[in-house]
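**Q** Put chain B on the given structure of chain A with help from the hints.
Sequence lines, in order, name chains A and B. Per our numbering, residue 1 is the first one in the first sequence, and the count goes up by one each step. Per our numbering, residue 1 is the first one in the second sequence, and the count goes up by one each step.
The set of hints was computed from the structure by calculation and includes no laboratory data. Just so you know, even glycine gets a beta-carbon here, dropped at the ideal spot from N, CA and C. Take the hints with a grain of salt, since some may be wrong.
Non-contacting residues of chain B with respect to chain A, defined by C-beta distances greater than 12 Å in every case (computed) [said to hold, decoys possible]:
no., residue
1, 86
2, 91
3, 149
4, 359
Computed spacing ranges between beta-carbons, pair by pair [claimed, not checked]:
no., chain 1, residue 1, chain 2, residue 2, range
5, B, 426, A, 477, 47 to 53 Å
6, B, 192, A, 78, 31 to 37 Å
7, B, 422, A, 335, 39 to 45 Å
8, A, 361, B, 78, 56 to 62 Å
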Amino acid sequence: MAQRWGLPVVAWPMRLRPNFWDLVALPLVIGLIAVIAWASQQMSVPYTGGQQIEISLDPWKLPEYGLRTVMRMGIALVVSLIFSLAYAAAAAKSRRAEKLLIPVLDILQSVPILGFLSITVTGFIALFPGSLLGYECAAIFAIFTSQAWNMTFSLYQSFLGVPQDLREAARMYHMSPWASFWQLEVPYAIPQLVWNMMMSMSGGWFFVVASEAITVADQNTTLPGIGSYIALASKEGDIKAVGYAILAMLAFILIYDQLLFRPLLAWSQRFKVEAITEGEGERAWFLTMLQRAGFFQLIAWIGDTVADFFSRAAKAAQPYQEKPQKPPNPLTPWIDRAWVAVLAVLAIYLVYWIFSFVEGEIGLAEIGHVFLLALATFCRVTVLIALASIIWVPIGVWIGLRPPIAHRAQPIVQFLAAFPANLFFPPVVLAIKTFHLNVEIWLSVLMILGTQWYILFNVIAGALALPTDYQYVAGNFGVTRWLWWRRLILPGIFPAYVTGAITASGGAWNASIVSEVAQWGDDKFVATGIGAYIAEWTGTSDTPRIVLGVAMLSLFVLTFNRLFWRRLYTLAEERLRLD
Amino acid sequence: MNNQQPLLATKEVCKTYRTADRAGRLVLDHIDFALKEGEIVAILGKSGSGKSTFLRVLAGLTPQTAGSVTYRGTPVVAPVRGVAMVFQTFALFPWLTVLGNVELGLEAQGVPRDERRTRAIAAIDLIGLDGYESAYPKELSGGMRQRVGFARALVVNPDVLLLDEPFSALDVLTAETLRGDFADLWTARRVPTKGVVFVSHNIEEAVEMSDRVIVFSSDPGRIRAELPVPLARPRDHGTAAFRQIVDEVYTQITTQPGREPGKRGTPTQAIGIAYRLLPASIQQLMALLDTLMAAPFGGRADLPHLAQELSLSADDLFPLIETLQLMGLAQVGGGDIEATAAGRALAEADMLKRKQLFAEHLLRTVPLIAHIRRVLDERPGHTAPSARFLSELEDHLSEEDAREVFETVVNWARYAELFAYDYDSGVLSLENP
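If we strip away everything but chain A, and leave its shape as in the complex, we get (with noise of 0.2 Å):
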C-alpha cells in the first residue's frame, strides 16, 4: 500500500499550498464580500411611503444602480433555488402532496409576474415599517416569481426521471434518504437546473425595470437600480441615458455570465448521465480559478473534514439499524379519495371566492370586455410566434447545419435571449412617435422581441443534432427545396421547435403587460390588450380589476398551453423523437 500515497488524492499539503490562482482570488473574495455588505446596508436604510428617492441620470451613478440590482437578483436566485429545492422535493417525494403541488405551480406559472407584485406589495411593506427593506423584499419577490416556476418543473421532472438502477444502488448500499437527496437526486438534476437558472436570470432581467417601481396607494417608490434608472431615462426621453444604461446592463450581464453561469456550466457537464458531446472540454478561467487557487483548496479541505466528522458523529449517535418496512395500510386507497375530495373542494371554493371578489365590485359587462381584451391579446401573441417561427426557423436551420458557425452563433444567442428587451423599447417607440406607426401592430412588436431567441435557440439545437446520415440520404435521393423542407428538416426539428415555441409564448403572454403599454417622455402609447388593463390598473391599486385581468390571463394561458402546446408537445415527443 506504500506505493498508494504519490496518488493525487493524498498529495493534499501541495495542493494547498498558494499559487499563481490566489492572486486573482483574494481579491475577488475580499471585494464581493464589501459589496454584499455595502448593498446590504443600502437596502435597511429607514424610509416611509410616499417619500421621494432621487434617481439620477448621471451614468457614473450606474455602477452603484447596477450592484443594488445585481444583489436583488442574485438574493432572488439563491431564494428561488431554496424553494424550487424544496417544493420539488416534496411533490417528487409525497404523492399526495405532488396532486396538489404540481397543478398549483402550473397555476403559478402562468400567473403574470408583475401581478404577483402588485397582489403581494403591501404584505411585504407591513413586514418592515419604517425601513427600505420591505419595498426591497417585494421587488426581490417580483424577480424571484420570474425565476422559481421552472426552476421547480425541471427539478421536479428531474427527480422522477432518476434511474432505476442508481436508486437501486443507492438503496442497496444504505445511503439515507438524505444523503441520496444530496448525492443522487440533486446531482442528477443539475445539468438541466443549471441551463433552467439561466434562462431564469434573463427572465429576472426582463422585469428588472418593472420590478423596481412599486406603487401602492398611489404611491409610488422607485428603488435605486438599473430599471429605475431605465424607467427614468425612458420617462424623460433621454436617449442618452438609455445608451448608458443598455452598456452598464451588458457589463453586468457579462460579469454574471463569467463569474456565475459560465462556471456552472462547466461544472455542471460532469453530472451528465450521458457521455459528455457538446461544450466538451468548456473551460471557464473562474471555474478553473475556484478549483486551483489554494485558497479555495484550503477552504474546501475545511469543509470536507467538517462535514466528514459530523457525518461520522451522527453515525455514531446513531447506530446502524435495519428499519422495517411498513406493512401496506388497507386505507390507503381511502385516503387517498378523502384527499382529492378536499382538493376539489378548496379549489371550488377558491374558485367562487375570486368570483365574488371580482363580482361584487366589477359587473359582468366588465368582465365580458376583459375577456375580449384577453383576445387581442391572444391574437397578438399567435401572430407573433407564427411570424417569429417564419423569420427564425430557416435562419437557424442554415446555422443549425454548419457547426462551426453554430458553435460559435449558440452563446451569441444565448447572450440575446438573456439580454433585457426593454432596454430596445425606447427606440422602439421613438419610431412609433417619429414615423406615427400604428400602435396596436407595433408594440407588439415589444412582446416578442425577448422571447424569439428561444425559438431560433432551440431550432439550432435540433438541427445540429440531425443526424448527418439523413442529410446524406435527402442528397444521395435529389430530395430538395420545398421537399427537402418537408420530409428531413421540418420534422427533424419539430421537438426541439415545439420546446422553443412554448417558451416564447409564455414568455409573450408575459411581456404583455410590460410591452402593451409604452412610454416615451410625455407620449404614453397604449395598445389594446389584457396587458395593457392589468398595467393600466396596477398603477392605481385597483385590486379587484388587478385580481381579474390577472386571473383571465392565467385563465387564457392554462388553456391555451392545454389544448394546445401539450399536445404538441406529446405529438412530437411520441412521433418525432430520433432516439
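**A** Then chain B, alone, in the frame of chain A:
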C-alpha cells in the same frame, strides 16, 4: 460448509404485480431457496420468468407479497449489511470518480475517511483497476465500468454477493475476461464473500460459474429444476461433462410445464386470448427455421448447437423456439428441436406462399389474432380501435406486458397481411395500404 444455517433463504415467496382488474399477475410462485456457505448459485430462466424480481426480493429492494426471506436467520425487510449487489447496467454515479463510487458504501456506513480510502484503493487494486482511481465512469469502457461495480460491492466485505446479469451488457470477450478474473478471486479465496447468487440468461456462462443451476419456469416464475455442477474449476467449455450439463439445462428450460422432459410429440397446449406471447421477430423465426432445415441439421438439431450456429444467446433463442412450438412448426424435447410437417412446408415455400401459410397458422394457433380478425370481420367498417383490445389484455396482464403482446401480434399480423394497424390513429383495419 458444515455450518447448517443458510446464508440467504426464502420460504414460499410469492410476488404479485397489480394489474388493471386488481386480480394481480403472479410473477413469483412459492419459491423455496437456500444459499449455503461457499457456493455460487446461478438462476436461469427465460425473460419474464421473474428471476430479476427474485434477486431484488432477496436483496430487500422489493417486498415480497407472501412468504419470508431471511439472511442468516433474520428476516430481510430492507437491504441488509452483508449483502451487496452488482447491477446489469453498472449503476455507477456518473458524477463520482472511480474512487468516489467505490467509497460510496463505506461512506454510508460511516467509515472514517482515511480507512475508507485505504480500503477502497485495496478493492480497486484487487479487481485490477489500479491507475483509474481518479477517472469518471463515462471515461471508461463497459468492462472497466463493471469492474468498478464489482469493486464497489466487494469493498464493503459482503457475505453474500448478488449479481444481476453482470456480464450481459458487455461484449463476449470482455465478459469472458471479467468472468475469469472473478472466478479466480473466488477460487483463490481472495474475497471475503461466502456465497453468490447469480442471475443470467446465458446458459454456458451459468454452468461455467456456478456450483448449482436453478432453472425458473415462466408465468408464473417457479423453480422448475435444480442441477448441481460438480465440475472442477477452471472449467473448459469443450469437455464432454460440461456439454452434458449445458444440454441438460437446455432440456429443462425448453420443456413445457406439466410435461415430462424428454418426451416429444405432445400436442400444442391450448392458450387463451391474454396469453403472454413472447416478442419473436419474423425475420429471426424464418432464419431459425431455414437453418434448422439446412445442413448439417436437416430438420432436427441439438439446441446448444443451433444457438451457436445462429450466434443467438439463450434470451434471444427461447422466444423463437416457444413461438415455433406454439404455432406447431417445431417440437422440442430432450434439448433437441425438430421441425414438424407444417414447419417443413413453411420452410420450403416461396415468399408469398410463406405469408399465406404463416397467416393460416396464426389464425389457428394464436387466439388473440383470431379474435381481432373476427371483430374486424364483423364490424361494418372493418375497423376497430386498438384501445379495445389493449384493455382486454390489461385485464390479465400488466400495462407494459399488454402493450408488448399487442405490438408482437400487430407485427406478426402485418407480415401475414391479416390486418393493418395505423400507428397515428391507433386503429386496426382490414385495409391493405
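**Q** Is residue 91 (chain B) truly not at the interface, in the sense that its beta carbon sits beyond 12 Å from all beta carbons of chain A?
**A** Given that some Cβ of chain A is not farther than 12 Å from that of residue 91 (chain B), nearest at about 4 Å, it is violated.
**Q** If I claimed the Cβ atoms of residue 426 (chain B) and residue 477 (chain A) lie 47 to 53 Å apart, would that claim hold in this structure?
**A** Given range 47 to 53 Å: violated, Cβ gap about 31 Å.
**Q** CB of residue 422 (chain B) to CB of residue 335 (chain A), is that within 39 to 45 Å?
**A** About 42 Å separates the Cβ atoms of residue 422 (chain B) and residue 335 (chain A), which means 39 to 45 Å holds.
**Q** If I claimed the Cβ atoms of residue 361 (chain A) and residue 78 (chain B) lie 56 to 62 Å apart, would that claim hold in this structure?
**A** Given a distance of about 58 Å, which is inside 56 to 62 Å, the answer is holds.
**Q** Beyond 12 Å from chain A, beta-carbon-wise, is residue 149 (chain B)?
**A** 9 Å, violated
**Q** Between the beta carbons of residue 192 (chain B) and residue 78 (chain A), is the distance compatible with 31 to 37 Å?
**A** The hinted range 31 to 37 Å is violated for residue 192 (chain B) and residue 78 (chain A), with Cβ atoms some 47 Å apart.
**Q** Quick one: work out the minimum CB distance from residue 86 (chain B) to chain A and report holds if it exceeds 12 Å, violated otherwise.
**A** 10 Å, violated
**Q** Confirm or reject the statement that residue 359 (chain B) sits farther than 12 Å, beta carbon to beta carbon, from all of chain A.
**A** Non-interface label on residue 359 (chain B) holds, nearest chain A Cβ at 29 Å vs cutoff 12 Å.
Of the numbered hints listed earlier, those contradicted by the structure are 1, 2, 3, 5 and 6.
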